[in-house]
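Q: Listed here are the chains, written in short residue letters.
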Amino acid sequence: MYTTIGVWVAALFTLAIYSFLYRENPLYRLGEHLVVGISMGYFIVVTYTQVLKPRLIDPIANDGEYILLIPALLGLLYITRFFPKIAWLSRYPMAFIMGTSMGVGFPLAMKASVLRQLEATILPLYQSGMPWHSVLGNVILVLGTLAALIYFFFSKPHKGPFFGTGSKIGIWVIMIGFGATFGFTVMGRISLLIGRIQFLLNDWLGLIN
Amino acid sequence: MKRTVPLMIVLVGGVLMIIQYFIPHQISQDIFDNYTIWVPIIGAFALILGVGSLSRLHGHKVRNKAPNWPYSLAVLVPMYLLPVFALLLPASVGGGMDPPGVYNFAYMHIQVPIQSTMFSLLAFYIASAAFRAFRAKSLLATLLLLTAVIVMMGQVPIGELLGSWFPKVGLWIIDFPNNAAKRAIGLGVGFGILATQLKIIFGVERNWLGGAGE
Amino acid sequence: MKENIWSRMLNLDRRWIFLCIGVVCIVPFFLPFGLPVIPTAHVISIFDYIENLGPENAIFISFDFDPGTDPENMPMAVAVMRHAFSRHIPVFFTANAPLAQGMLESGFAYVTNPDAQEYFHVVSWQEWAQYREQGITGRDELQAAWEADGNVLPENASGWVFEGRDFAKLGYLPYFALAILGMTSSIASQYPEDMNGNPLIDMPMLQEHKSLRDVDLATTFSGTAACMWWVTYAREKIGLPVAFGVTAVSATDYTIYIQSGQLVGQMGGLRGAAEYEVLLQNAGYVEKPDRAFIGMDVQNAAHLLIFFFILLGNIAYFAGGFHKKGVLLKGRR
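For the record, the sequence lines run as chains G, Z and V. Per this note's numbering, the very first residue in the first sequence carries number 1; after that it's consecutive. Per this note's numbering, the very first residue in the second sequence carries number 1; after that it's consecutive. Per this note's numbering, the very first residue in the third sequence carries number 1; after that it's consecutive.
Just chain G, with the same shape it has in the complex (with noise of 0.2 Å):
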């Protein structure tokens, strides 16, 4: 009963939405207010189990850990943020959080981001038993990379052979890398709908497998 009842409620609001296919309407509307309203509501319960409960107020009442009331304090300073006048303490929580994971997550990033991928760059382009085009594929890889970096690099005007002709190629070079994202994207997109699809005909309606 449990699921027949919400795979229907389910099938409503999914054609209620689809609804704005043709116009907005109020079913959509109110459709676009739950989900905010929920997931708020959701947002509340979880953080509670898994947070404020385990890792604050059991270990407050059961082990005395009143170490933990500093981190809860500093939290409870983002209520400060709807009293004007005492507003700017709000700062505080969120400098902390800031400054912190600025600052862990800087050597990382710079690891991740930039140093591994500036070390991927350099590559042998050729090594024996290489087939032809992994071969072009790498001398574009390497090239197609720094071309695509000086059209990227503003200081300098965009003339001469080398900074002419490499953001030329560099554009070249961004404008097939948005084509494959595109491509990529016409499927993702659709995928959501088969989604869809398949719970309206397999779940709701029962006509297929």
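No false leads were slipped in.
Across the chosen pairs, the derived CB separations fall in these ranges:
# : chain 1 : residue 1 : chain 2 : residue 2 : range
1 : V       : 12        : Z       : 68        : 26 to 36 Å
2 : V       : 282       : G       : 70        : 50 to 60 Å
3 : Z       : 146       : V       : 19        : 21 to 31 Å
4 : V       : 41        : Z       : 67        : 49 to 59 Å
If you're looking for bench data, these hints aren't it; they were derived computationally from the structure. Where is the CB? At the ideal position from N, CA and C, for every residue including glycine.
Given the coordinates of chain G, work out where chains Z and V should sit on it, guided by the hints.
A: What follows is chains Z and V alone, placed relative to chain G:
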């Protein structure tokens, strides 16, 4: 107190955390471990900001009977009732977190279908865009269009049926020219992130302070 | 400019296009092509990596997506979960956002649903307490003892999964990137208890895999850039191998991390999930592929239609001479 202290906290916290990464000592590790235990607790309270802001905005609409105010109830009612059902009420009246409770029902049978259907609307719009906006207007646009078509058809089994080279060329494009473009963009983004992190740590970038109680 | 067939075509009410795509995405479900999906190197590498793991290893399956990308990400996560459960590889389940925790619950329920044609039968932490008290915690001896006591695997079940031995549902934590970093030192310090309130520290899989350093692979299924947290905070800090399952939209952004050796492999969109399902079937783990594979039939038809739209749009654009005029005749709906 209002601006300098938060900026000092950011500076000290940021520099300390960068330094601790390079000091593989037990004390440094203990500080770091405690820090990772504290952070989620602080973060959990940020929820208050979200709940407070939504309550204020929609509460105001309901009180003043603003246009379309009943929709605001669709935000406020589940936001406040779901925690009550999940955490306070017994299963006999639909409470608790497991099915067949109200909490689970709202997520599985209302939230999931609405949200995933909203995303799936994009399939219709991308089809419309393909017909009306995807033109071979210039050399660059043609290059983009051809790549998109090869990659798109290479991703589906029917592409292979049309020409066995479709998936092979599609994969080659992804692994080489696409990687060249994405790496250049990625490096730019990477440097940008690093620069922003340093700017925040050293107080050059202060927008995050906002205007709270100037 | 005079109105003609081309201008009328280009000014077509877009709701006709919506109708076309809707029809094309429904019909193939009733008239399936059944074309084969051939796995590619990026997906095979993940499958092979997991294929070489066993009960002494452990992996993470991180549900880092919300319901918006459920149709793309869920089949991937489900396929990897089935693979790991079949091989008795202990799995830690995490989520990077509150709504993602719901996806975790949903995916787990799908794989362990007794009403399904194939499923894994869950033995909860409480159900096998007496065996723990007797010191029986090894995977094979636990199953032997459990079955010796008269517990029979249902006919449609592919195997048992013991909570705390085969899986632990850790769930969501705020600032999840920092939680990943914290888990490089200790998983239990980040998650004192699991989503069901069971003490993690007592679980055999936690005792054998105390931190991410003792884990062999992290798989993240994501519709945003959050998947990169695993690379930045786990791969780069302690060298943890990472595999991605990402939406098609972002798939081309992360192939650079495969080339750089920072990723074991990647599943991109529904196609990636379908490839993994085919690999599972070929290896004999499942009788038939799941939803992603079936969806690929529809994907065929839809891609053909989009290709047709692009072609038709361009023909009308050039044949109608709009490339000279630059603008169309009237506003569009």
